[in-house]
Amino acid sequence: MADSRFYTRAAPMTLARIAGIADGKPAPGADETLRISDVAPLETAGPGDLSFYENRRFAEAFAATTASACLVKPEDAHLAPQGVALVFCSRPYRAFALVARAFYPEPPSSGQRATGAVIDPDASVDASADIGPCAVIGAGAEIGPGCRIEAHAVVGPGVVLGEGTVVGVGASLSHCVIGARVRLYPGVRIGQDGFGYASGPEGHLKIPQLGRVLIEDDVEIGANTTIDRGSGPDTIIRRGSIIDNQVQIGHNVEVGEGCVIVAQSGVAGSSKLGDQVVLAAQSGISGHLRIGAGAKIAAQSGVMRDVKRGEEVCGAPAIPIRQFWRQQVKLSKLTEGKG
Amino acid sequence: MADSRFYTRAAPMTLARIAGIADGKPAPGADETLRISDVAPLETAGPGDLSFYENRRFAEAFAATTASACLVKPEDAHLAPQGVALVFCSRPYRAFALVARAFYPEPPSSGQRATGAVIDPDASVDASADIGPCAVIGAGAEIGPGCRIEAHAVVGPGVVLGEGTVVGVGASLSHCVIGARVRLYPGVRIGQDGFGYASGPEGHLKIPQLGRVLIEDDVEIGANTTIDRGSGPDTIIRRGSIIDNQVQIGHNVEVGEGCVIVAQSGVAGSSKLGDQVVLAAQSGISGHLRIGAGAKIAAQSGVMRDVKRGEEVCGAPAIPIRQFWRQQVKLSKLTEGKG
Amino acid sequence: MADSRFYTRAAPMTLARIAGIADGKPAPGADETLRISDVAPLETAGPGDLSFYENRRFAEAFAATTASACLVKPEDAHLAPQGVALVFCSRPYRAFALVARAFYPEPPSSGQRATGAVIDPDASVDASADIGPCAVIGAGAEIGPGCRIEAHAVVGPGVVLGEGTVVGVGASLSHCVIGARVRLYPGVRIGQDGFGYASGPEGHLKIPQLGRVLIEDDVEIGANTTIDRGSGPDTIIRRGSIIDNQVQIGHNVEVGEGCVIVAQSGVAGSSKLGDQVVLAAQSGISGHLRIGAGAKIAAQSGVMRDVKRGEEVCGAPAIPIRQFWRQQVKLSKLTEGKG
Chain A
3 MADSRFYTRA
13 APMTLARIAG
23 IADGKPAPGA
33 DETLRISDVA
43 PLETAGPGDL
53 SFYENRRFAE
63 AFAATTASAC
73 LVKPEDAHLA
83 PQGVALVFCS
93 RPYRAFALVA
103 RAFYPEPPSS
113 GQRATGAVID
123 PDASVDASAD
133 IGPCAVIGAG
143 AEIGPGCRIE
153 AHAVVGPGVV
163 LGEGTVVGVG
173 ASLSHCVIGA
183 RVRLYPGVRI
193 GQDGFGYASG
203 PEGHLKIPQL
213 GRVLIEDDVE
223 IGANTTIDRG
233 SGPDTIIRRG
243 SIIDNQVQIG
253 HNVEVGEGCV
263 IVAQSGVAGS
273 SKLGDQVVLA
283 AQSGISGHLR
293 IGAGAKIAAQ
303 SGVMRDVKRG
313 EEVCGAPAIP
323 IRQFWRQQVK
333 LSKLTEGKG
Chain B
3 MADSRFYTRA
13 APMTLARIAG
23 IADGKPAPGA
33 DETLRISDVA
43 PLETAGPGDL
53 SFYENRRFAE
63 AFAATTASAC
73 LVKPEDAHLA
83 PQGVALVFCS
93 RPYRAFALVA
103 RAFYPEPPSS
113 GQRATGAVID
123 PDASVDASAD
133 IGPCAVIGAG
143 AEIGPGCRIE
153 AHAVVGPGVV
163 LGEGTVVGVG
173 ASLSHCVIGA
183 RVRLYPGVRI
193 GQDGFGYASG
203 PEGHLKIPQL
213 GRVLIEDDVE
223 IGANTTIDRG
233 SGPDTIIRRG
243 SIIDNQVQIG
253 HNVEVGEGCV
263 IVAQSGVAGS
273 SKLGDQVVLA
283 AQSGISGHLR
293 IGAGAKIAAQ
303 SGVMRDVKRG
313 EEVCGAPAIP
323 IRQFWRQQVK
333 LSKLTEGKG
Chain C
3 MADSRFYTRA
13 APMTLARIAG
23 IADGKPAPGA
33 DETLRISDVA
43 PLETAGPGDL
53 SFYENRRFAE
63 AFAATTASAC
73 LVKPEDAHLA
83 PQGVALVFCS
93 RPYRAFALVA
103 RAFYPEPPSS
113 GQRATGAVID
123 PDASVDASAD
133 IGPCAVIGAG
143 AEIGPGCRIE
153 AHAVVGPGVV
163 LGEGTVVGVG
173 ASLSHCVIGA
183 RVRLYPGVRI
193 GQDGFGYASG
203 PEGHLKIPQL
213 GRVLIEDDVE
223 IGANTTIDRG
233 SGPDTIIRRG
243 SIIDNQVQIG
253 HNVEVGEGCV
263 IVAQSGVAGS
273 SKLGDQVVLA
283 AQSGISGHLR
293 IGAGAKIAAQ
303 SGVMRDVKRG
313 EEVCGAPAIP
323 IRQFWRQQVK
333 LSKLTEGKG
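Protein chains in written order, with our numbering: chain A, 3 to 341; chain B, 3 to 341; chain C, 3 to 341.
Warning: the hint list may mix true and false statements.
Stated by the list, open to error - Negatives, chain A to chain B, calculated, CB over 12 Å: (1) P109; (2) A137; (3) G286.
What the hints assert, rightly or not - Pairs of lysine-lysine residues, derived as BS3-like cross-links and limited to a Cα-Cα distance of at most 25 Å, are as follows: (4) B/K310 - B/K274; (5) A/K335 - A/K274; (6) C/K298 - C/K310; (7) B/K298 - B/K274; (8) A/K332 - B/K332; (9) B/K335 - A/K335; (10) B/K335 - C/K310; (11) C/K335 - A/K335; (12) A/K298 - A/K274; (13) C/K332 - A/K335; (14) C/K27 - C/K75; (15) C/K274 - C/K332; (16) C/K274 - C/K298; (17) C/K335 - B/K335; (18) B/K298 - B/K310; (19) C/K75 - B/K208; (20) A/K208 - B/K310; (21) A/K332 - B/K335; (22) B/K332 - C/K335; (23) B/K332 - C/K332; (24) A/K27 - C/K208; (25) A/K310 - A/K298; (26) A/K298 - C/K208; (27) C/K298 - B/K208; (28) C/K274 - C/K208; (29) B/K27 - B/K75; (30) B/K208 - B/K274; (31) C/K332 - C/K298; (32) B/K208 - A/K310; (33) A/K335 - C/K310; (34) A/K208 - B/K27; (35) A/K335 - B/K332; (36) A/K274 - A/K310; (37) A/K332 - C/K335; (38) C/K310 - A/K75; (39) B/K310 - C/K335; (40) C/K332 - A/K332.
Think of the hints as simulated: they come from the structure by calculation, not from any bench.
Small disclaimer: the values here were computed from a predicted structure and weren't measured.
Don't be surprised by glycine CBs; every beta carbon is placed ideally from N, CA and C.
Model the full structure from these sequences, guided by the hints.
Laid out in C-alpha cells, this is it:
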C-alpha cells in the first residue's frame with residue numbers, strides 16, 4: 003500500500019466501476035459488487051487489491067496471487083487461481099494504469115498563490131492555476147487554466163503554457179511555447195541559447211540564437227533534462243513524446259510524435275527524429291541527421307549517419323543491430339581459448 | 003523573423019553601417035544606403051534581410067536566395083544571384099555573428115534589485131548589476147559592474163564575479179573566483195566539493211576539499227553542467243573556453259584556453275587539457291591525464307592515456323582516429339556475407 | 003593554504019593531539035609539542051604543515067618535502083627526509099582525512115531561519131536545524147536536529163530527514179525518507195516519478211508511481227544527480243554509498259551498502275546492486291539486472307547481463323575485463339601495418 007504520508011487514495015470502488023474505468027468487462031460470474039480498495043502489482047497484491055496479468059514472465063505470480071481481482075485478457079483467464087474476480091480487457095497493463103490513476107488522482111489545481119511567489123503584473127495567469135512558493139512568472143507570460151507551477155520554477159517573459167501543464171520544482175523556461183497537459187520535471191532547463199559559435203583565431207564568438215522551443219501537447223520531460231532553443235528555426239518536441247531524465251536536446255532539433263528518449267541520451271543540433279523513434283539510454287545522435295519513423299537506437303549507441311524508417315541500430319558508430327551482434331560473436335571467437 | 007514575444011530587434015541599418023560592423027567592404031557597385039532590417043540564414047532570408055555564404059554545402063541556397071544583402075568572400079561573389087547586395091569579408095560566418103549581435107543586442111543591466119532577492123549586507127554588489135527575483139548573494143561576495151544575476155541564482159559567500167558576467171536562473175556558485183564576461187547558463191553547479199574519499203573497511207571518509215574553482219574571462223558554461231572545486235589545488239577553466247550542457251568537470255582539472263567541450267562529456271579529477279582542445283559530445287577523460295594543445299577527442303570516446311598535441315583520437319579506449327576506422331573496416335569485413 | 007575567503011581554519015594543534023585525531027602514534031623521538039598549523043599534500047606542504055605519505059608514486063616528493071610533520075606507515079619511515087616529525091599510522095591517507103576534517107570542521111548548525119524561507123506551519127523542523135534563504139519546507143515534513151537546508155532547496159510534503167543531513171542549494175526532494183548525516187549536493191532531484199508508461203496506439207500512458215525513495219545513513223549524492231521514486235516498491239540507497247555528480251538512478255533500483263557510483267553513470271529501473279559495487283564514470287546498467295557484491299564496472303561500460311560477485315567487467319556490451327583487453331589486442335594486431 004502506498005505510504006499515506008505521500009499519497010492520498012480515493013474511496014473503494016466496485017468491480018463494475020473498475021471495469022468501466024478499465025474499458026473492460028467483468029468475467030462471467032464475477033461479483034460486480036465486489037469492493038476493491040487499492041491497486042498493486044502481482045508480487046505484492048493481497049485481499050482488497052486489484053492487480054493485472056499480461057506478460058507470461060509473471061504466470062507463476064499470477065497463479066499464486068491473493069489479489070481480490072485481476073485485469074486479464076480473456077484467453078489468459080484459465081491461468082488465474084480460484085476466487086480471483088477477473089475483469090477482461092484487451093490490454094491489461096494499460097487498463098491497470100487507468101485504474102491506478104483513478105485510485106490516485108492528481109490533486110486538481112486550486113488557484114494557489116503561494117508565499118514568496120513573484121508574478122509580474124504584466125503576466126496573464128489563469129485564476130485556476132497554482133503558483134508555488136517563490137515561483138517566478140515573467141512579464142507577458144501566459145499560464146493556462148489548471149496549470150501547476152511548483153516551488154522555485156521560473157517561467158520567463160513571454161512564455162506560454164497550455165491548459166493543465168505542470169512545471170516542476172526549480173525548472174526554468176524561456177523563449178518557449180508549451181502545449182496542454184505537458185509535464186516538466188524538476189530542474190528541467192528549456193529555452194536557453196544553444197551551443198553556436200563562429201570560431202577563429204580571436205576565439206569563439208557566440209552567434210545570437212533567435213529561435214524558440216515549441217513543445218506540443220502531452221509531452222513529458224524528465225528531471226534535469228536540457229533543451230536548447232533554436233538558432234533561427236525552432237527546436238520542436240511533438241505531441242505525446244516522452245523524454246527521461248538528464249537528456250540533452252540541441253538547437254533546431256525536431257523530435258516527432260510519440261518518441262521515447264531514455265535517460266542520459268543526447269541529440270545534437272539540427273537532427274530530426276521521425277514519429278515513434280526510440281532512443282535507449284545513454285545514446286547519442288550526431289548533428290544534422292535524419293532518424294526515420296519507428297527507428298530504434300540501442301543503449302549507448304553513437305549514431306553518425308541517417309537511420310532508415312523502422313531500422314534498429316547499435317554500437318558506436320551505430321550499425322544495424324544484427325551486424326553489431328555478428329561482430330561481437332566474431333570478436334569473441336577470435337580470442338577464444340586465449341585467456 | 004524572430005518572435006517579438008522574446009526578441010527585440012534594433013532599428014534598420016544601412017549596408018555601409020553593416021559593412022562596418024562586419025569588418026567588411028561593400029562590393030563594387032553595391033548600394034551603400036540600402037536599408038537592412040534583419041538577419042537570417044540563407045534558407046529563410048527574404049527581402050530586407052542580410053544573410054551570409056561561406057560553406058559550399060549551401061551554394062544552391064545561395065544561388066536562389068531572395069535576401070537583400072549577403073556577406074560573402076570576394077572569391078565567391080560570382081555564385082550570388084543578381085540583385086543581392088554583397089558585402090565582402092574574409093570570414094562571412096563570423097561577420098554574420100557580429101551583425102546579428104548588433105541587431106539583437108543583450109539588454110544592458112540597469113541596477114535592478116528584484117522582489118525577493120536576498121543580498122547579504124556584507125556583500126559588495128556594483129550599483130549597475132542586476133539582481134533577479136529571489137536571487138541570493140552571500141556575505142563577502144563581490145559582484146562586478148554590469149553583472150546580471152538571474153532569478154533564483156545563488157552566489158555563495160566570498161564568490162567574486164568580474165564585469166559583465168551573467169549567472170543564469172537557478173545556478174549555484176560557491177568557492178570560486180570568476181572573471182569578466184563569463185556566461186553561466188541555468189542550473190550550472192560550480193564549486194561544490196569534489197568526489198574525494200579515503201575508502202577502507204569503515205567506509206568512505208570524505209576528504210575536505212580545500213581548493214577553489216577559477217574561471218577566467220569570456221568563458222561560457224552550459225545548462226546543468228557541474229564543476230567541482232579543487233581538493234587543495236584549484237580547478238581552472240582558462241580564458242575563452244566554451245563548455246556545453248550537462249558536462250562534468252572533476253576536482254583539480256585544468257581546461258586550457260579556447261577549449262570546446264561538447265554536451266554530456268566528462269573530465270575526471272586532476273586531468274589537464276591544453277589550449278584549443280576539443281572534446282566532442284559524451285566523451286570522457288580519465289583522471290590524471292595530459293591532453294595536448296589542439297587535440298581532438300571524438301564523440302563518446304573514452305580516453306585512458308595521455309593524448310599528444312594535435313592528436314585526434316576515437317573509441318573506448320580511445321586510439322588514433324585512423325586506427326579506429328581501420329579497425330571498424332576490418333571488423334566489418336570479417337563478418338561480411340554472414341547476415 | 004586554503005583561501006580565507008572560503009575556509010576557516012581551526013587553531014594550531016600539537017603533534018600529540020594530531021596523533022590522537024589520526025589514531026596514530028608519534029614516531030620515537032618526534033617532538034610531541036611541535037605545533038602544526040595546517041594540512042597540505044606533499045607537493046605543496048611547507049613549514050608548519052602536516053602532510054602524509056602512503057603511495058610510492060610520491061616517494062620522491064616525500065623525500066624532498068619541507069613539511070614539518072608527516073603521517074606515514076612505520077615501514078616507510080626510512081624514506082622521510084631528516085627533520086620531519088613523523089606520526090605512525092596504519093592508513094596515512096585516511097588519517098590525513100581525519101586531521102584535515104579537524105582543521106576545517108563543518109560549521110555547526112545554529113537554528114538559522116533565513117530571509118525568504120517558506121516553512122509550512124505543519125512541518126516539524128528541529129530548532130537546531132538551519133533553513134537557508136528561500137528554502138521551502140512542505141506540510142508534514144520532518145527535519146531532524148542539526149540539519150542544514152541550503153538556499154532554494156525544496157523539501158516536499160511528508161519528507162523525513164535524519165539528524166545532521168545537508169540538503170544543498172536548489173536541491174528538490176519529494177516522496178522520500180532520508181537518514182542521518184546524508185549529504186545531498188546542489189541540484190539533486192530525488193523522488194520525482196519514474197519513467198513508467200503503458201504504451202500503445204493511443205500513446206504513452208503514465209503509470210502512477212506509488213513508491214518512495216529510501217536513503218540510509220551516511221550516503222552522499224552529487225550535484226544534479228537524479229533518483230526517481232519507486233513505482234510501487236521503493237528505490238533504495240543503502241548506508242554509506244557515495245554517488246557522484248549527474249548520475250541517474252531509475253525507479254525501484256536498489257544500491258547496496260558502501261557502493262561507489264562515479265559521475266554520469268546510470269542504473270535503469272529495478273536493477274539491484276550488491277554491497278561495495280563500483281560503477282566507474284559514464285557506465286550504464288540495463289534494467290532488471292543483479293550486480294553482485296564487490297563487482298567492478300569499468301568506465302563507459304554498458305552492462306546487459308547479471309554480473310557475479312566480485313567480477314570485473316568492461317565494454318559495451320560489458321564482458322569480463324580480461325576478455326575485453328584480449329579483444330582490444332586482437333583487433334589492434336589485425337590492423338597492424340595497414341596505416
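Run the structure past the numbered hints and jot down the numbers of the failing ones, going up.
Structure breaks hints 2, 3, 5, 10, 15, 20, 32, 38.
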